[in-house]
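> Take a look at the letters that make up each chain.
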Amino acid sequence: MHLVRDVLDKKLMDREDCPMGRVGGLVMHVGESGPPRVTHILVGGPTLWMRIHPALGRLSSALGQMWGPRRKEPAKIPWSRVETVGREVKLDVEGKDTGALDWEIWVARHIIEHIPGGGSEEEE
Amino acid sequence: MKRLLFATVILLVSCKPPTPAEQMDAILSWVGSAIVLGNGWLRHTTPDTYTRQTLTLSHDQLRQIGAELLKSPPATIDSTELDGALTRSGTHLARMAQLVEARNSPGFNQVLDSLELDQKALKQLSDKIESSQ
Amino acid sequence: MKKILQLSLGIITSVGGFLEIGSVTTAAQAGAQFGYKLLWAILLGTLCLIFLIEMSGRLAAVSKHTIVDAIRERFGFPFFFFVLLGTVLVAFMVLVAELGGIGFALQILTGIRFPWWALPVSFVVWLLMWKGTFSLIENGASLLGLVTVSFVVAALRLNPDWTSAASGLLPTLPDDDKSKYWFLAVSILGASISPYLMFFYSSGAIEDKWDRTYLPINRVIAAFGMTFGGFLSMAVLIVAALALRPKGIQVETFQQAALMMTTALPKWGFYLFALSMLFACFGAALEISLAISYFFSQGFGWNWSEDVEPSSDARFAFVYTLIIGFAAVPLMFGVDPIKITMMSMALTSATLPLAIVPFLFLMNDPIYLGKHRNGWISNTVVGVVILISFVLAVVSIPLEIMGG
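Residue numbers (the numbering used here), protein chains in the order written: chain A, 2 to 125; chain B, 7 to 139; chain C, -4 to 399.
Honestly, I wouldn't trust all of these hints.
[Said to hold, decoys possible] Once the Cα atoms are required to be at most 30 Å apart in a straight line, the calculated BS3-like pairs of lysine-lysine come out as:
#, chain 1, residue 1, chain 2, residue 2
1, B, 129, C, -3
2, C, 334, A, 77
3, B, 126, C, 175
4, C, 262, C, 204
5, A, 91, A, 11
[Unchecked claim] Far from chain C, some chain B residues (derived; all Cβ distances over 10 Å):
#, residue
6, 51
7, 53
8, 63
Hints in this document: simulated from the structure, not taken from any laboratory.
Quick caveat, the model's predicted, so the values are computed rather than measured.
We put the CB at the ideal spot given by N, CA and C, even for glycine.
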């Protein structure tokens, strides 16, 4: 599998076929023996900004601590949860449990649902 | 990207000053607009508010461009003649706006005729400026 | 039967959604100043757009990716972000211009100046996005936009010399004011070839769940819809050439633009112009807001759909709420929408390669298109026109500013 071509930046879908964002980065384990292997998928702002410049990654991380869901780390999904890699990367997880949708839920609860007609996340 | 930013900055910071010929074209454009508008109003094809506001706009633009032009008028024309033509046109435009408000069509028609004569005078001056460039 | 309905609707919405403040202002200025001489720019822009729209639909139907999905996945995040920055900045300026166009239309109808309309207009645009569905927005706005066909009626009423008009379809140099001529040519190209149209079209194809069976329909919609739309732009130019040029009227302001229709159609011209601009700019404002939100959402992998409640695609809804709100601000402070329009059209031309070059790469990639990749004609037409637009833009924008 060609990781950059087939996995990086692909859409992530959870077990209910709900979009969970995109693969922002990959964590690889380089052991003493054997080839390096992918251990986790990273989803989230700082990982992405880091790919443009490390300073932007640090800025994104710092801003993320100040408001929003205030995650200390980007969302990390174990590679073992990957079911298939095709047009999208299908995962055997519940999207909301991975932390990948924290921002979506935070914006929905703190901004959108306060505007009349915005609806309610919990009604689904 | 750099060239784009450069162009944008230049755009914002420095606009080229128009030539006297271009200024006269702009003045004639506004006078021409007022005449078309005036004829339209007399035929009841344009509403009062739009007509009045556009005539006022024409008047303001004429004053502004005219003042700029008179700061350094071209040598090929008599600046007193130009000043006179501009002042008369400006007065007529202001008067027309008032007459629209008063819904005085006969009065408006008379002033419109005068504006058409102003247009001819301004066109002659414009031609003199163009031919010298 | 369903496909025939979709086809008809597709053509109608393309026609109704074609004109907006950019295409009207640039065509009107061109006609008023240079007569028929810039018809070739509309022709070239429309031709290029036909190919680009067809390609956008084909990419969506075959690869099940929108253009933005594919740019992110094929080129990675850093490149995607670079494209986002350039494209969205210019699209935002165009959005400000469109909201200004709605404001101006209301100004000439009511006498209340456009800065006062900035907030109410933005609110209505936002409300339609908040409560409306994709079909309602796409179809409703475009059907109302059909009132712009009145420009064609006006052009026919003025009895143009068709031989003279046809000669304008080939580029000819003007006698004077060359820098303005090329600046207008660039602006017309930017007004015709708007990247936001492509993003909107490909997103719509995905929302409507197009597959390979839609490829013939896609071709017909692109060809006929954009061609008829191009005729509308040409009609505006012809009307301005016949109604305004002989009287020496330049189109510096919206109020002057209205005069072309009062001359051509004395009884209803004024109201047809105002309503045309109102509905055309409304439709465009909705499309651009959606296109910008799609760009963010598809690029970052958020939920996006106009057919669900805002809380189900919270970040998508948040983006369009923010941009519509921000777009009102310059207008509230009285910034002239016509000036923004001219600047944004020229800048669109200058930034076209940013969006189109990656797109051309995608359209030739077998992973995405398989056997439906671009042929040499598509590649050549688009490549050449984009190159022309870019070179003209880079040369003419500074020339226009610093004096030809």
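> Look at each hint and say if it fits the structure.
Outcome of the hint check:
Annotation: proposed proximity of residue 129 of chain B to residue -3 of chain C is violated, straight-line Cα distance about 61 Å (limit 30 Å). The straight-line distance between the Cα atoms of residue 334 of chain C and residue 77 of chain A is roughly 48 Å, outside the 30 Å bound, and the hint therefore fails. With a CA separation close to 26 Å, the supplied pair residue 126 of chain B and residue 175 of chain C stays within the 30 Å bound. Between the alpha carbons of residue 262 of chain C and residue 204 of chain C the distance comes to roughly 45 Å, so the proposed pair goes past 30 Å and is violated.
As the CA atoms of residue 91 of chain A and residue 11 of chain A are separated by approximately 10 Å, the hinted pair is consistent with the 30 Å bound. With a least CB separation of 5 Å from chain C, residue 51 of chain B falls inside the 10 Å interface cut-off, contrary to its annotation. Not every CB of chain C is more than 10 Å from the CB of residue 53 of chain B (nearest about 7 Å), against its label as outside the interface. With a cut of 10 Å on Cβ distances, residue 63 of chain B falls inside the contact zone with chain C, its closest approach being about 6 Å.
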